[in-house]
Structures are given as structure tokens and as C-alpha cells.
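Take the two lone chains and join them into the complex the hints point to.
Going down the list, the protein sequences come from chains R and S.
Each residue of the first sequence is one higher than the one before, starting from 1 at the first, in the numbering used here.
Each residue of the second sequence is one higher than the one before, starting from 1001 at the first, in the numbering used here.
I should point out that these hints are in silico values taken from the structure, not numbers from a laboratory.
Quantities reported herein were computed from a predicted structural model and do not represent experimental measurements.
Misleading hints may appear alongside valid ones.
[To be verified] What the simulated footprint calls covered on chain S by chain R, stretch by stretch (three residues with Cβ under 8 Å from a Cβ of chain R suffice, anywhere in the stretch; the number is not a length):
1. 1072-1080
2. 1090-1102
[What the hints assert, rightly or not] Pair by pair, the computed Cβ-Cβ distance ranges are:
3. R/Ala80 with S/Glu1273: 47 to 57 Å
4. S/Gly1070 with R/Pro87: 25 to 35 Å
5. S/Glu1106 with R/Leu107: 57 to 67 Å
6. S/Lys1226 with R/Val162: 51 to 61 Å
7. R/Ala80 with S/Gly1062: 31 to 41 Å
8. R/Ala80 with S/Ser1021: 28 to 38 Å
Glycine residues also receive a C-beta, built at the ideal position from the N, C-alpha and C atoms.
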Amino acid sequence: MMPKLPVFLRLAAFALLIAFLLQPQWFEPLLRPLVQDNAPVIYNQGSLLQLTLLHLRTVAMATVAATVVAIALAILVTRASGAEFLPLSRSLVNIGQTFPPVAVLALAVPIFGFGEKPTLIALFLYGLLPIFENALTGLTTLPPSVMEAARGAGMTGGQRLVKVELPLAMPVILAGIRLSIVISLATATIGSTVAAKTLGEVIIAGLQSNNLAFVVQGGLIVAALAVLLHDGLQAAERKLVARMGR
Amino acid sequence: MIEIENITKRYGETAVVDDVSLTIAPRTVTVIVGTSGSGKTTLLRMVNRLVEPTSGAIRLDGEDNRSLPGYELRRRIGYAIQGHGLFPHRTVAQNIATVPTLLGWERSRIDAKVEELLTLFQLDPAAFGPRFPHELSGGQQQRVGVARALAAEPKVLLMDEPFGALDPIIRAKAQDDLLAIQKHFETTIILVTHDMEEAFQLADHIAVMDKGKVVQYATPSEMLLKPATSFVESLIGVGERPYRLLAIAPVASAVEPGAAEGAPISSALTQREALAELLWSGRNALPVAGPDGAIIGKISLEGLARRAAGPT
Chain R
1 MMPKLPVFLR
11 LAAFALLIAF
21 LLQPQWFEPL
31 LRPLVQDNAP
41 VIYNQGSLLQ
51 LTLLHLRTVA
61 MATVAATVVA
71 IALAILVTRA
81 SGAEFLPLSR
91 SLVNIGQTFP
101 PVAVLALAVP
111 IFGFGEKPTL
121 IALFLYGLLP
131 IFENALTGLT
141 TLPPSVMEAA
151 RGAGMTGGQR
161 LVKVELPLAM
171 PVILAGIRLS
181 IVISLATATI
191 GSTVAAKTLG
201 EVIIAGLQSN
211 NLAFVVQGGL
221 IVAALAVLLH
231 DGLQAAERKL
241 VARMGR
Chain S
1001 MIEIENITKR
1011 YGETAVVDDV
1021 SLTIAPRTVT
1031 VIVGTSGSGK
1041 TTLLRMVNRL
1051 VEPTSGAIRL
1061 DGEDNRSLPG
1071 YELRRRIGYA
1081 IQGHGLFPHR
1091 TVAQNIATVP
1101 TLLGWERSRI
1111 DAKVEELLTL
1121 FQLDPAAFGP
1131 RFPHELSGGQ
1141 QQRVGVARAL
1151 AAEPKVLLMD
1161 EPFGALDPII
1171 RAKAQDDLLA
1181 IQKHFETTII
1191 LVTHDMEEAF
1201 QLADHIAVMD
1211 KGKVVQYATP
1221 SEMLLKPATS
1231 FVESLIGVGE
1241 RPYRLLAIAP
1251 VASAVEPGAA
1261 EGAPISSALT
1271 QREALAELLW
1281 SGRNALPVAG
1291 PDGAIIGKIS
1301 LEGLARRAAG
1311 PT
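So here's chain S without its partners, still in its complex pose (with noise of 0.2 Å):
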């Protein structure tokens, strides 16, 4: 459990981040969304106190974050950073093992983790880990920088824009990599960003930012059907909003009883896949499968129109 409690900090006269009060639940992915200058950087960087606020406190799970000294504090957390800022005159392995490294960790230990989170983010631990930073693709180079961020096994990880330099089809990918790993290790994520997209691709909470104060910390399917504010309103995007709708729900809730012609589609994909590709084939169906194979209902367009709908 985070707890952000009244904090503000300024920089003369201007109140970057104007007492904003957050609570964020444990294993959870939170993501800050806001325009450039909301003040959404400083408050992350303010968790692990590499900006001490003006005022206010952060409690993490209880404990002020102040009780320690700060490069101690930022060794308990992960934190990992648009550009990656891998150091180029270490390889790979040396790379992750940075943290257990300052902490003191056995090399038995250290190499061990370096393993396996090598393996984890589908990089072969015998070819990648002697490589330097520059001999990998920009998509592998943020796999290494997510993984020295979690190296030391943080029970919170900080991530300021890591997707920003992946190309599109990369950041997918990414993407749903983050979300894997999130539920193997349950470390409790805030990301901050500004794009509303992947807010909604990875957010259990969505707190939106505007000057300096959190205009809204909501579920991303309340944060559509009740913005707080129209600006809120304009970032989500107003011809965004069915398709968003569909986009947070999977085909499981949405599956109606009856048959339906053509292939099955997967219960696990987005009620905006299952559109897709309703409306891509030309059927007013499709059968659904369940996680097993099997056949458990059918998907119908008038039923996703249903879904897609705003409050009335």
C-alpha cells in the first residue's frame, strides 16, 4: 500500500504538484496520465525521493519514506525510465545486477537473478548477459532496463514513460510483457504517461493530472462513464469512448447463450478485438471459446452496440 498524503512541492513560487492525496492499493497497476508540465514525473520521482516534496508525506505499507536514507529507500524500489539509461560500460548481466550489487548480495545469488529475469524477458542469459548496452534493438535494451529495475525483487516499481521510445508494434508487445510480470512478482506499479491508450491497456487505477493537482483517481471504466471533468473528458477522447469501453472488458463477460457460424474466437481477448473481428468477417456472431477449446456461447455486434453505449 502507497499513501500519498497532502503533498506538494514547489519550485518558488509555482506549486509543480499541489497537494495531491493518493491511495494505492497493493499489487496493483496505477498510472498517472497527464499533459506534459502536470506535474505527473515530479510526483513519481517523489515517491522514491528523488524530489523531496515541500510538504506532505508518502507512506509505503505503513512506514514514512523518509525513515531512511534516500539511496537506501531507492534500492527497496524499482524504478525504470523512458531511454532505459542503461550504463553503457557495463554488459547486460552487470547491468541488472546493479541494485542486489550495492545491497550486498551474494554473487551466487546475484548471478542467479540475473538468470532468471534474463530468461523471463525472453532473452537468452548466455548470449545477452556479456553484451554491452549498444549492441541490442531498442525494444531489448528496455527489457534490460525493466529488469535491472527489478532486479532486487521491489515490492514497487516506478516506471516514468518506459515505453515512450518503442516503435508501436514493440510497445504492444511491451506492454503485455509488463502486465505478465506484474502478476508473476505482484509488485505494486505506478506508471506514469502520457498516453491515454496504454492507460487504458494497463491501469487497475488511472489517476488523471492537470497543473499540479489529480482532477481524477478512478477505474478505467468509471473514469469513461463519469469523467470528472471536460478535461478529463477531451484526454479520453469523446470518439474514443465505446471503443475504449469494449477495449477494458474481455469476451468472457460479454458471451451470450446460442450458437453462432465461423471460427471461435478466444474468451480472454478484449470486447474491442471480438468487434473487430465481428465486423471485419460481416457476421452478426461468433461462437466463443472458453480457456479450454471448448464452446461456451457466441459474441453478438448487437450485443457488444449494448455495451458500448454511455449512461443514459
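The shape of chain R in the complex, shown without the other chains (with noise of 0.2 Å):
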């Protein structure tokens, strides 16, 4: 069968994106009309690799912390005994997501002071919303039947819980962690403005230094980090979709 062009599309920009953390200086004369004479082309003040896995490592943290905090709330909440925690839950999840992360990190910062734990914060916060209202929505949205079958087929409310309800409200909760990655991924940036290592780095040295070719080197590796990402979890989602038949 030959390869669709979307998949072959996707693989080679997944390529570009290796060859370009691996060997930027490939890449050079590529990115040479965008900056004035003599200036450099390719970031020069570290290695764009590592400031990339850093970058990563922050949205990961972040993510994996949020994801926890915010499937744990919607379960509680869902259960019969923390229904009245419901309004609460959201109130307080909906403050994470309209406060501005410039603002928590300003916040952050006399606190936590400079360096990566101030945008961890912001990007937890951040990250919280699209996860929590889809884990709520996966979670009140099941067929009555089946929940019914599962309650009359003698399981407990535990059981319920790990074998049917969270498997039946994966894909849901999957792409709220979906969601809250690719915020994240662009978010990450502003971090680098209180001194976190991250691709936000490049785009800020480019801004200082009038140097263009650094704000697109920036902007296009996270560009393409989440699209790739974005699409790679949304396939998982669909082989999962596609095993329910739903």
C-alpha cells in the first residue's frame, strides 16, 4: 500500500526537525537572508538540542503533574460522596485558566525566585482546564446502560470505576491531555523570561539582538513540536475510538 501523504508529510517533518536540532548549521544558508551582516545565523549562546529537551522536560513535568491532579479532581467530584464539590472544583480550576501566566509568573518569582519551578507553576495551573473539564465530560457522559449493566453485573464502585468508566472516558480524557500539551508547549516560552531553560530562550536572544533568524529558529522547533505532538496523541485517540466503535 502506499504511504498516505499526511503520514508521509508528518514523517518528514519529523525528520527536518532531527536534522535540524543535530546539525543546525545544515540549515545555514537557509536562514541567512534574515539576518544583517555578520550577525550570527544559527543560535550560538547553547545547544538547541538540549535547550529543546529541557523544553520538553518542562511540559512533561507540568503535564504529567496536571493530568494527575486534574483526572484525581474530576473522579472525586463524579462519585457520589463528592458531588457537592462539583461547583467548587470548577471555580477553582477555571482561576487557574484565566489567570494570565505572565501574571503567576510574576507572582512565582519572589517566591520561588528566578529558574524553572516558577514556570512549572504557571504551566501546572495552565494545564489544568482542558484536562479537568474533559475528564469531567468523558466521566458524566457514559451510556446509562453500560452503567447500569456494570452496577447490576455485581461490581463494586471501585471496580466501576478502573474497569469501565475511566477505560470508556479515555479518549475523552486523552485529548484534554492533548489540549493541555499543546498550550503548554507554546507557554513554555514565556518561562525563558524568568531565566528557564527553554526554546523561549532563542526567540528572546533573537528579540534582543534584532537577530530574526533566532525568532524563527524559536518559534519554528516549538511549531513543530506540537504539531507533531498534537498528532501523534490524536491517532492514539483514534485507534482507541475506533476499538469501541463509537
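Dropping the structure here:
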């Protein structure tokens, strides 16, 4: 079978990204027109690969924490005993989302100092809402006949959660995590304003020295990461959904 | 034996089930009929404690159904519902294995049971076991739903409009299959439906519910001949009475001595089917063949007309 064009495009994008991170000088001629004479074309204040890995690490840590907290919260408020906390948890998570990440950074720096911590906090708070909202949707829109059958078969509350509710809600929850990751990938660049090691460093360096090539490099790497991760996760969700025939 | 004793369920001020008492004999099929909102489903769900009664008691073989935690009770009682409620993320085999797995049966015993049930429900275990529910037709899904309910060999099977989502032809087949399987496992079945035709087709006893109360609990023929209230009468349908009466008795019990022309009909058919055959073939009588194929007598229009007559 001939590989489909979208798959080919994604593979090509991935290969280009890897090549750029490992051998950025190969791409120097392409970016040369963007800078004034004698200015450096490729980011020279650190390794692009290392910055990318740190960027991904920051996003991963914040997303894992947000996922754990958001799903735990969603499970809690969808149990009969926790239903009264639903409005409260909703508003808490909403506040996390409405608070601008920059403001979180500004407030967190005096407490935690410069570096990665304020960024992690901002990303964590920002990532909570999509995961929580989707987990809530997933757990509250399960087919009633399936839930009735699970109860009628003699499953305990815990067994229903683990064996039926979470597996059935998983595609929707994954969509929330995907959304959160994409938002975090972009938002993490702001962390470099408070000295977190992310790809934002490249963009900020470019802005400070009026070097358009730097800005484009940093921006394109972040964009490529976001697109590839988004697509990969979406494919995983589709696989899950197809299996369940929904 | 299932004893339902003065069971009442109130939601706020309204009693959905109001002081109901029923005794259900083991290895029989009891059908609870009623209009929507009559409390029939609530009554059924109180047997396996999906709904807890406000007052009264239900005993299974003399044991109060509150002597076990609800989930353990439910593992002992089969439960099949309308729209089957199969787990979409699990294969057919895994769906059927649900309760045995919860009970901690050994793998080999579970596999053997799944295979036995699939075969019994005319689904090839090798072909259907690994499929997912959405890959099955409606009738097949419904059969898997009933197989799942029977997997742990429950003595009691509760069914809530199990055939409601099926088309008429598949439904008739599913009803016949259910009766065969009930005989095979000697299960006590309580089935809820709003379809009187289905009730007469399946029931040893029928309980008619109206506004939370059981207005009549009787065998199908008693109910036809002596309806307790005008509500029961209207539920049966005045125009349907003679046909229902014929539909609940086999040809074997209406055989008369003598000979008749034409192709014989089986003594296992219902008298209603015999009547249809007589009318359609334009004859006054037909020969009847016993289970071994030998002619045992005839069945006549006059004989059936006499049997279809109500009490005078």
C-alpha cells in the first residue's frame, strides 16, 4: 500500500526537526537572508538540542502533574460522595485558566526565585482546565445502559471506575491532555523571561539582538513539536475510539 | 423461591411501588406487565437491590436479600436489560466472563463457560468470542447480553424489557430461545415488559401492575378468563381474548378422535397456530401428528371455537 500523503508529511517534518536539532549549521544558507551581515545565523549561546529537551522536560513534568491532579479531582467530584464539590472544583480550575501565565510568573518569582519552578507552576495551573473539563465530560456522559449493566453485574464502585468508567472516558481524557500539552508547549517559552531553560531563550535572544533568524528558529521548533505531538496523540485517541466502535 | 413481602418504595411523597407481595415459584417464568410509570422496573430492581426498598422484605430461598452486601448479591443474580448494556471496550468473550471474573473463577473454567454459552446461543465461539460488541447485529448483541447474565449460573435471572430493541422477527426467535434456555438451566426468571403479547408468550405467571400496586397475579389463562379489574381487561385487549386463549394452549390438548384430510400439523404448535392453518387452508379439520410423526387424531374448527369461548 502506498503511504498516504499526510503520513509522509509528518515523517518529513519529524526528520527535518531532528536534522535541525542535531546539525543546525546545515540550514544556515536558508536562514542567512533573515540576518544582517556578520550577525550569527544559528543560535550560538547554547545547544538547540539541549534546550529542546529541557523545554520538553518542563512541559512533561507540568503536564504529568496537571493530569494526575485534574483526573483525581474529576473522579472525586463524579462520585456520589463528592458531588457537592463539583461547583467549587470547577471554579478553582477555571481561575487557574483565567490567570495569565505571565502574571503567575511575576507572582511566583518572589516566592520561588528565578528558574524553572515558576514556569512549572504556571504551566501546571494553565494545563489543569482542559484535562479536568474533558475528564469530567468523559466521566459524566457514559452510556446509562452500560453503567446499569456494570452495577447489575455486581461490580463495586472501585471496579466500575477502573474497569468501565475510566476506559470508556479515556479517549475524551486523552483529548484534554493533548490540548493541555499543546498549550503548554507554547506557553513554556514565556518561562525564559524568568530564566527557565526553554526554547523561549532562543526567541528572546533574537528579539534582544534584533536577530530574526533566532526568533524563527525558536518559533519553528516549538511549532513543529506542537504539531507532531498533537498528531501523535490524536492518532492514539482514534485508535482507542475505533476499537470501541463509537 | 422468591418471596416479595409488603415491599414499598417511596420517592418523597409518592409511592412508586406500594405494598406489593408476590411469591414466585422456583424454575418458573414470571412476567411483570404494566404501563410506563407503573413501578414494574422499580420492583424488579429491588430484587437485586439496585434500588433499596423503603419498607418490606425480599427473600431468595428463604434468605433475606439484605444479608449480603449489594454487589455480592448482584453477582448471584443474573441481570439483562434493554439495549443489552454490553461493555463496548471489551470483547464478547470478556463481556460474558464479567461476573465469573468478579467471582474469581479459574481461567479454564471461565473459558469453558464462555464457550458453552456462546454455543448455546448459536454464536460460534471462535468467530464471535474475540469480536467487539459494535461488530455484532442487534439480535446477536442481545443474545450476548443474556449470555453474560447467565454466565455465573445464577438461580434467578432478572430481565428488564430485554427484547424491547429488537425487530419483531428476531424478537419472536429470542423469546423462543429464552424459554429453551430457561428449561435447560432451570432458572427462575422475572421479566418486565409492557408488551402483553410477550407476557402471554413467555409467562407461567403474570403480575399486572398499575400505579405501584399489583392488581392481579395469576396464570395467563386465569387472567384471560377472570380479569380482576377493567384495567387488566383493557391491557389484555377485548378483541384479542379468544386468540390469546388459544395461543397459550398446545394443539395436543385439543386433539379429537377421528381422521381428517390434508397435511398433518404438529401437536407441539399452539392452538392459535392451528386455527390460523385451518382458516388459511379453508378446511374444517386437519390431522394432528404426535412428536414421533404418527397421526394421533384431528383438530377441528368447531373444537377450537369451543375452546376460544369465554366464561358464560
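Right, here's what the structure says about each hint:
1. 1072-1080: Held - the stretch 1072-1080 of chain S has 6 residues with a Cβ nearer than 8 Å to chain R, which meets the minimum of three.
2. 1090-1102: That given contact holds, which follows from 3 residues of the stretch 1090-1102 of chain S lying within Cβ reach (below 8 Å) of chain R.
3. R/Ala80 with S/Glu1273: 47 to 57 Å: 51 Å, holds
4. S/Gly1070 with R/Pro87: 25 to 35 Å: At roughly 29 Å between Cβ atoms, R/Pro87 and S/Gly1070 fall inside 25 to 35 Å, so the hint holds.
5. S/Glu1106 with R/Leu107: 57 to 67 Å: 59 Å, holds
6. S/Lys1226 with R/Val162: 51 to 61 Å: Holds: the Cβ-Cβ distance is about 53 Å, inside 51 to 61 Å.
7. R/Ala80 with S/Gly1062: 31 to 41 Å: Holds, since R/Ala80 and S/Gly1062 (Cβ atoms, about 32 Å apart) stay within the stated range.
8. R/Ala80 with S/Ser1021: 28 to 38 Å: 31 Å, holds
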